[in-house]
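K.L.:
Each chain is listed here by its residues.
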Amino acid sequence: MSETSALVILIAAIFTNNILLTNFLGMCSFIACSGQIRTAVGLGTAVTFVMTATTILNFAIYHFILIPLGLDHLTFIVFIAVIAAFVQFVEMFVERFSPKLYFALGIFLPLITVNCAILGASLFMVIRNYTFVQSAGFGFGAGLGWAVAIILMAGLRQKMAYSNIPQPFQGVPIAMIVTCVLAMAFMGFAGMVSIQ
Amino acid sequence: MADRQQPGCLSCGVKGLCGGRGLLTLKDGAWTNNPLAVQVLGICSALAVTNRLESSLVMGAALIFVCVGSNLFVSLLRKRTPHRIRMITEVAIIATFVILFDQFLKAFYWDMSKQLGPYVGLIITNCIIMGRAEAFALQNPPILSIVDGVANGLGYAVALAIIGFFRELLGAGEVLGYAVLGSGWYTPNQLMILAPGAFFVFGVVIAIFNALKGPDT
Chain A
67 MSETSALVIL
77 IAAIFTNNIL
87 LTNFLGMCSF
97 IACSGQIRTA
107 VGLGTAVTFV
117 MTATTILNFA
127 IYHFILIPLG
137 LDHLTFIVFI
147 AVIAAFVQFV
157 EMFVERFSPK
167 LYFALGIFLP
177 LITVNCAILG
187 ASLFMVIRNY
197 TFVQSAGFGF
207 GAGLGWAVAI
217 ILMAGLRQKM
227 AYSNIPQPFQ
237 GVPIAMIVTC
247 VLAMAFMGFA
257 GMVSIQ
Chain B
117 MADRQQPGCL
127 SCGVKGLCGG
137 RGLLTLKDGA
147 WTNNPLAVQV
157 LGICSALAVT
167 NRLESSLVMG
177 AALIFVCVGS
187 NLFVSLLRKR
197 TPHRIRMITE
207 VAIIATFVIL
217 FDQFLKAFYW
227 DMSKQLGPYV
237 GLIITNCIIM
247 GRAEAFALQN
257 PPILSIVDGV
267 ANGLGYAVAL
277 AIIGFFRELL
287 GAGEVLGYAV
297 LGSGWYTPNQ
307 LMILAPGAFF
317 VFGVVIAIFN
327 ALKGPDT
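Those sequence lines, one after another, are chains A and B.
Numbering of the first sequence is given in our numbering, commencing with residue 67 and proceeding in unit increments.
Numbering of the second sequence is given in our numbering, commencing with residue 117 and proceeding in unit increments.
One should not assume that every hint holds.
Claimed, not checked - Sample of chain B residues facing chain A (criterion: CB under 10 Å; computed from the structure):
1. ILE159
2. PRO234
3. GLY293
4. ALA295
5. VAL296
6. LEU297
7. GLY319
8. ILE324
Treat the hints as calculated values from the structure; they're not laboratory data.
Positions of the beta carbon are idealized from the N, C-alpha and C atoms, including for glycine.
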C-alpha cells in the first residue's frame, strides 16, 4: 500500500470506495437526516471535518502510543474515546469563538459521536496500514464522499416527497431502494482508480 | 415513556417503547419492536456483513453476546452511575464486551475475523446496543435487562440471517457455502453480493415486514 499516493486514495475514497455506498457506514444519520439539502450540507461538513481530524489523531495515537506499549487490543475503546473527546472539544471551541458557525454546525456535532463512519474510517486506516499522509488523505476523502452521498440523497428525497409510493414501502424501504440505485451509479466509477 | 426519544442514538431519533415484563419484553424486542425492521437501528453492520449467511450468523451471535453483557452491567451499575457520565460509562462497558468478542474471534476463528474486518469493532457504535442500555437497562433490574438483551439481539440476528440467506442464495446460488441453485438454470447475480444488492434486499425485507405487520405501527 505504501506506493499509492494520498491523492489517489482521496479520489478513491470519494468515488470508487465511497464509505457509505460501498462500506455501508454512517447509515443511521444518512437515513434520518437526509430529508433536506440544507441539513445534509451541514451534517456533511461536520462529518468531513471531524473525520479528517480524528483519523489523523487516531493514527498518531495508534502508532506512537498503542503499538510501542503493546496495547493494540485496546484500539476500539481508545479510538471511540478520542472521537467522543474530540467532538466535545470542537463543540466547546466553536461555541466560544464562532457563535455563528456554532448555530450552523453545532446541532450536528453531538450526532457525530455515534456516527459509525467516523470510527470506521479510523479502523480502515489501521487495517489497511496507511502511512500518515495516506491516512490524512483517506480521512478527508471518506468524509467528502459521505457528504456527497448524503447531499445527493437529500436532493432525491425532496423530489420523492411528491411521488405516490405503495404503503409498505413508505419511509425507510423506499430510501433503501433509492440508495441501491445510487450505489449502482457509483459503481460506474469502479474502473477509475482502485484501492484494495 | 412510550414516546420517549432514545438519547443513545441521537441520530436516529427513534421512538423507544420500553417494553413490559418478561415474555412481553421478549416479544417486544424480537418482533413488535424489532430493532432492525421497525426501529431501523444498527443498519450499518446489517448491510455490510450479510453477503454470506455464515458471517451474518456470526454477527448476530456477536450482537446477542454484547447486548446481553452490556445490558446486564449497565443495569447492575444503574444506581451507582452518576447521570451526567452515564453515556461514557455505557460506551466503556459496550467496548469492553466488543473487545472480548473480537479477541475470541481472533483466537479461534481467524478467517471469520478477517472477513468481518472493521465491522466487529463497529458494534460499539451500533445504536441498538446503546439504545437498549439507555432506554431499558438504566431503568430495569438485571434479570429483565438480560431478557431484553436476548430479545433484541435475537430480533437483530434473525433479521440478519434472513437478509444474509437471500443475498447468498441469489448472489452465489449457495447456502452456507453449499451449492443449492444448480448451475444449469440459474446464473448467480453478482450484484446481490455487492453493495447495491444489500440496500435492495434490506429495503424489500422491511417492506414485507411492514406489510405483514399491517398498517398503523
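K.L.:
Does each hint fit the structure? Answer for all of them.
P.N.:
Evaluation of the provided hints:
1. ILE159: Constraint on ILE159/B satisfied, holds at 5 Å.
2. PRO234: Hint on PRO234/B: holds, closest Cβ of chain A at ~4 Å, below 10 Å.
3. GLY293: Violated, about 23 Å.
4. ALA295: 26 Å, violated
5. VAL296: 24 Å, violated
6. LEU297: 22 Å, violated
7. GLY319: At about 3 Å, which falls below the 10 Å cut-off, the nearest Cβ of chain A leaves the hint on GLY319/B intact, so it holds.
8. ILE324: At about 7 Å, which falls below the 10 Å cut-off, the nearest Cβ of chain A leaves the hint on ILE324/B intact, so it holds.
Violated hints, in rising order: 3, 4, 5, 6; the structure is consistent with all others.
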